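2 protein chains.
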Amino acid sequence: ARKDLTGLRKYLEPWLPTDLAPILVELPVEDLASIFRCAGRSLGAATFGYLPLVSQKKLLRLLSQEQAAALLNELPSDDRTAFIDSLPLDVAMQMLSLLSPEERKVAQALLAYPESSVGRMMTLDFIAVRPEWSVAEALDYIRENGYDRETLNVIYVIDEQGRLIDDVRVRRFLLAAPDRKVSDLMDGNVPHLAATDDRAHALDLFRKYDRIALPVADDGGKLIGIVTVDDILDVADAEATEDIQKLGGSEALDEPYITIALGRMVKKRASWLIVLFLGEMLTATAMTFFQGEIEKAVVLALFVPLVISSGGNAGSQAATLVIRAMALGEFTLGQWWRVMRRELAVGLALGLILGAVGFLRIAAWSMFSDVYGPHWLLVAETVGVSLVGIVLWGSLTGSMLPLILKRLGFDPATSSAPFVATLVDVTGLVIYFGVAYAFLSGVLL
Amino acid sequence: ARKDLTGLRKYLEPWLPTDLAPILVELPVEDLASIFRCAGRSLGAATFGYLPLVSQKKLLRLLSQEQAAALLNELPSDDRTAFIDSLPLDVAMQMLSLLSPEERKVAQALLAYPESSVGRMMTLDFIAVRPEWSVAEALDYIRENGYDRETLNVIYVIDEQGRLIDDVRVRRFLLAAPDRKVSDLMDGNVPHLAATDDRAHALDLFRKYDRIALPVADDGGKLIGIVTVDDILDVADAEATEDIQKLGGSEALDEPYITIALGRMVKKRASWLIVLFLGEMLTATAMTFFQGEIEKAVVLALFVPLVISSGGNAGSQAATLVIRAMALGEFTLGQWWRVMRRELAVGLALGLILGAVGFLRIAAWSMFSDVYGPHWLLVAETVGVSLVGIVLWGSLTGSMLPLILKRLGFDPATSSAPFVATLVDVTGLVIYFGVAYAFLSGVLL
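Chains as they are written, first to last, in our numbering: chain A, 197 to 641; chain B, 197 to 641.
For reference, chain A alone in the conformation it holds in the complex (with noise of 0.2 Å):
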């Protein structure tokens, strides 16, 4: 075996780390162990990134503990943060230990700040100038600085006290004559991040200004690291998965629907399924409320789920059109007035198609049969009478929730859709049985 690692270590010599690390991570978990063991640190490095949780935590358990410190020392600091935050407490702290001082030092300040906050997910290697230098002297430093650095697209610049200035994409350096100065690349337009902003915000900047990395600095103006555009993809794809799983009406599950131990899954989704469920005990209560109605007319009863379902539907369409707009920034709290007139006039429309349906529904089958009776006409009105009310008020409440969740601080994606269904099948029930006294009173009731 020897010969053949000495055989794979010169083929994989002149590959670059980055473009390896893709091709690897299908390799089973054994065959990398001894990839990293023979090839460069920094393939390991770029690699370890790259791999699922599960892999990870199997790969260092693979390696000495010589060969898993060295790793982790050269791991970048973004992806080391990611991983020993993934980690049990205890575990955390033993891989700390394996790290450098220095980078100790590093990781211990990155896991410091608040989780999914950009500095959990920032890197700190960037090449940063200074304004004074010539073209050709900044190219020099960074072709001496730059081979680890993560990012060579944005070149930073910094003044003697390391505060932030502007930041440059290396193309201008490219393009520029090499005794021109660095300060006449600047534009002084430099959109930056706070390491304790959250990651949302970050994604939100991104998407604004399509650049491929931001920086990060401190309150004062230090640049400390940047945050890179590959990061934000997986942010973008990490809040969508939290926004969808909490309008299923679940919690957010925070790790692989695949992977996940199933005590965990049970919890997360317990505990709305309880919340729903004691919010839709209220349907029994109102029912019970209506009970003389049903016993009277039995006939109502049979509409009850059709008609309060309607109005959950609606209710959900609306809130997730919502959620999704509010989460892309499509509008902002101040106009609200705008979405609730939109679901005015949408609600009223979808009611009455729905209306008219049901009516129709119901006088069909009345003409072939009296299934539902000898004051079926009047039935219809009611069934149909309260489908406009209860989708046009199913519409309003599932639109303004999110909203008003919003404006108290909570997180939109909790009015879920089934949330919103439980909410409407209570008011529902109300709006249909007190359309069913309006029109049957005096005959059925």
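Rather than coming from a laboratory, the hints here were simulated on the basis of the structure. Only a predicted model underlies this, so the values are computations on that prediction, with no experimental measurement involved. Careful: at least some of the hints might be erroneous.
Note that the list lumps identical chains together, so a pair holds whenever it fits in one copy or between two copies.
Said to hold, decoys possible - Only pairs whose alpha carbons sit at most 30 Å apart, straight line, appear in this in silico BS3-like list of lysine-lysine: (1) LYS404 / LYS253; (2) LYS301 / LYS253; (3) LYS463 / LYS602; (4) LYS404 / LYS464.
Chain A is fixed; fit chain B onto it per the hints.
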């Protein structure tokens, strides 16, 4: 105003168009038109792509035909494709007629690719060098030809027929000795797209390789364009939006919620609401079937919404989690049994939890009142047991339906929360009255 414009032009000069664009888009369209008239064409071209569609259209109307033509000719090819694509056919044709013959050929070729294909989002502004050149020659070539290229972060290597050989990040050129050959920088690893690939496939490749740009090659291997990561972030957002909107039980809007015409929004939402309504009508049919039971024991009707909505909620959860996991590529169709095993376990656990809560709720109320009659214990048992069955059934349906839809070639996200809820409502009624019959037959029924 003339004087102002000269001042403005002077003020804008040192700024790079792509840095200025995100700031300019916040100005009123009228001011933008003035700036576009006086500033260089490249500024207008870079800014245009950042504008929302409404402003783009308004802006073109404010410019003279000559100015509009200049702007359109100058636009990056991907931005232009996206803009023309969103216009009604007749306006699109007018726009095409404003282009120079060369640019028109480009635009028509890009527009000929299917919607949501890679061809529609690719740009032709890339830099390609030859493997036998030296690094110094390549850098000179980049300096001469690079200014108006969309990205210089990756340099492509092609042979004399224009076939793609490799992609090399520009950092390697920066870090290499000037007398080395371009071929020394190549690693032979060049993941690439076809112009007819779906944009979701491009998204997967970007997720996997963490690249800043990916090349697009035709059937003969010729390099025809590139796709950049900033457009991919838009694709990730758009794909997530589509999934979320479908999950919420409407068609994908394909336009921002806040600006889509109300008529189109009603159409997109009504279609699914009607389908769901027709499906939910089966509950009325099922209820009619059990009308006799309800007449004998009205108490059963009280819990109908509670019991069936719990199944719907569990189903929404399962469907949402499974659909998102599939979108992120967490598992393949072949692993359906693994998903099913998980949902069997989780669904049973959730069912037992809700069943217990439901049983206790009815028992507790009955301690202090006789609202549920003398046979409250049997009623509580009926509700508890049917909840176990319905929640389990909901979880299984919700998780398997997306897989079945995918297997049949449909979009899994079609099995929205409301869709699954409706499906489970009907079967839930059958389970509920079946259990009721087993427990209450001879007593209440």
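Check each numbered hint from earlier against the structure, then list the numbers of those it violates in ascending order.
none
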